[in-house]
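Asker: Could you build all of it, start to finish, from the sequences and the hints given here?
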Amino acid sequence: AQSVTQLGSHVSVSEGALVLLRCNYSSSVPPYLFWYVQYPNQGLQLLLKYTSAATLVKGINGFEAEFKKSETSFHLTKPSAHMSDAAEYFCAVRGYNNNDMRFGAGTRLTVKP
Amino acid sequence: KAGVTQTPRYLIKTRGQQVTLSCSPISGHRSVSWYQQTPGQGLQFLFEYFSETQRNKGNFPGRFSGRQFSNSRSEMNVSTLELGDSALYLCASSLRTGTSTDTQYFGPGTRLTVL
Chain A
464 AQSVTQLGSH VSVSEGALVL LRCNYSSSVP PYLFWYVQYP NQGLQLLLKY TSAATLVKGI
524 NGFEAEFKKS ETSFHLTKPS AHMSDAAEYF CAVRGYNNND MRFGAGTRLT VKP
Chain B
11 KAGVTQTPRY LIKTRGQQVT LSCSPISGHR SVSWYQQTPG QGLQFLFEYF SETQRNKGNF
71 PGRFSGRQFS NSRSEMNVST LELGDSALYL CASSLRTGTS TDTQYFGPGT RLTVL
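From first to last, the protein sequence lines stand for chains A and B. Everything in the first sequence is counted per the numbering used here, starting at 464 for the first residue and increasing by one. Everything in the second sequence is counted per the numbering used here, starting at 11 for the first residue and increasing by one.
Since the hints were derived computationally from the structure, they do not count as laboratory data. Backbone N, C-alpha and C fix where the C-beta goes; we use that ideal spot for every residue, glycine too. Check the hints yourself; a few may be wrong.
[Claimed, not checked] Here are the simulated DSBU-like cross-link-like pairs (lysine-lysine), alpha carbons at most 35 Å apart as the crow flies:
| no. | chain 1 | residue 1 | chain 2 | residue 2 |
| --- | --- | --- | --- | --- |
| 1 | A | K532 | B | K67 |
| 2 | A | K531 | B | K67 |
| 3 | A | K531 | A | K521 |
[Claimed, not checked] Stretch-level coverage of chain B by chain A, calculated; a stretch enters the list once three of its residues show a Cβ under 8 Å from a Cβ in chain A:
| no. | region |
| --- | --- |
| 4 | 39-53 |
| 5 | 113-119 |
[Said to hold, decoys possible] A few chain A positions that, by computed beta-carbon distances, are all more than 10 Å from chain B:
| no. | residue |
| --- | --- |
| 6 | L470 |
| 7 | S475 |
| 8 | V476 |
| 9 | A480 |
| 10 | V482 |
| 11 | L483 |
| 12 | A517 |
| 13 | N524 |
| 14 | F530 |
| 15 | H538 |
| 16 | P542 |
| 17 | S543 |
| 18 | M546 |
| 19 | S547 |
| 20 | A550 |
Answerer: Here's what the structure looks like:
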């Protein structure tokens with residue numbers, strides 16, 4: 464069964480610094496991977512998704528993620544953090560032919576001024 | 011296009027009661043999935059409906075049930091509420107089922123508190 468592990472439940476960066484949120488997947492077949500963001504008292508918003516078309520995926524708000532099969536990773540990055548990026552981020556995986564999304568535990572990003 | 015809407019946004023119930031939550035998907039979307047989010051267990055898949063049929067089910071007791079109507083709107087019901095059912099219940103819609111590349115769009119959730 465597919466699963467994802469997010470390393471670090473809490474990441475703190477300074478405004479303007481690089482954001483790196485880690486996600487490793489476990490799947491016996493090529494997975495479909497997603498990053499979502501959740502702001503307080505809101506639902507989840509899709510940042511980007513990997514569907515095997517390209518290993519480097521660009522998303523909204525300046526985020527991108529690179530699929531690395533050799534490392535079974537799909538880390539999320541942003542070159543320069545903004546205060547508005549403070550939120551909780553979830554990595555998720557979905558296998559073939561199902562809508563059952565498996566989410567990681569989430570990483571709370573704090574951005575310091 | 012309007013997003014996924016969920017009603018009510020907040021709900022307070024007592025143990026033993028039952029509750030019904032509603033979800034209206036994005037227009038044209040036929041798949042509706044439900045998730046439970048708690049601090050301890052994170053985001054967990056409850057079930058998915060497509061064309062008024064349950065297609066997938068997560069590992070939850072039978073107290074949790076759902077249905078979908080012909081207009082794709084969905085409801086989930088929790089009977090005999092327990093304290094541990096306190097959670098944010100999220101609904102997500104997508105165009106199709108069984109197509110893993112389809113994006114799931116989430117609603118704002120219903121915050122259920124069981125006293």
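Asker: Hint by hint, note whether the structure agrees.
Answerer: Against the structure, the hints:
For the hint pairing K532 (chain A) with K67 (chain B), the CA-to-CA distance comes to about 29 Å; that is within 35 Å, so the pair holds. About 30 Å separates the Cα atoms of K531 (chain A) and K67 (chain B), which keeps this hinted pair within 35 Å; it holds. At roughly 15 Å between alpha-carbon atoms, K531 (chain A) and K521 (chain A) fall within 35 Å of each other, so this suggested pair holds. With 5 residues carrying a beta carbon less than 8 Å from a beta carbon of chain A, the region 39-53 of chain B meets the three-residue requirement, and the given coverage holds.
Look at the region 113-119 of chain B against chain A: 7 of its residues bring a Cβ nearer than 8 Å to a Cβ of that chain, three or more, so the hint holds. L470 (chain A), annotated as away from the interface, keeps every beta carbon of chain B farther than 10 Å; the closest lies near 15 Å. Every CB of chain B is more than 10 Å from the CB of S475 (chain A) (nearest about 19 Å), matching its label as outside the interface. Every Cβ of chain B is farther than 10 Å from the Cβ of V476 (chain A); the closest lies at roughly 23 Å, confirming the non-interface assignment.
The Cβ of A480 (chain A) sits about 27 Å from the closest Cβ of chain B, beyond the 10 Å cut-off, so the non-interface label holds. With a cut of 10 Å on Cβ distances, V482 (chain A) stays outside the contact zone with chain B, its closest approach being about 21 Å. The claim that L483 (chain A) lies off the interface holds: its Cβ sits roughly 21 Å from the closest Cβ of chain B, which is beyond the 10 Å cut-off. Non-interface call for A517 (chain A) relative to chain B: holds, since the shortest CB-CB distance, roughly 13 Å, exceeds 10 Å.
Interface exclusion of N524 (chain A) from chain B stands, the closest Cβ pair being 16 Å apart, more than 10 Å. Residue placement check: F530 (chain A) keeps its beta carbon more than 10 Å from all beta carbons of chain B (closest about 14 Å). No Cβ of chain B approaches the Cβ of H538 (chain A) within 10 Å, the least distance being about 19 Å, so the stated non-interface status holds. For P542 (chain A), the condition that its CB be more than 10 Å from all CB atoms of chain B holds, with the nearest at approximately 25 Å.
With a least beta-carbon separation of about 26 Å from chain B, S543 (chain A) lies farther than 10 Å from that chain, consistent with its non-interface assignment. With a minimum CB-CB distance of about 22 Å to chain B, M546 (chain A) clears the 10 Å threshold, and the non-interface call stands. The claim that S547 (chain A) lies off the interface holds: its Cβ sits roughly 18 Å from the closest Cβ of chain B, which is beyond the 10 Å cut-off. The claim that A550 (chain A) is not at the interface with chain B holds, since no C-beta of that chain comes within 10 Å of its own (minimum 14 Å).
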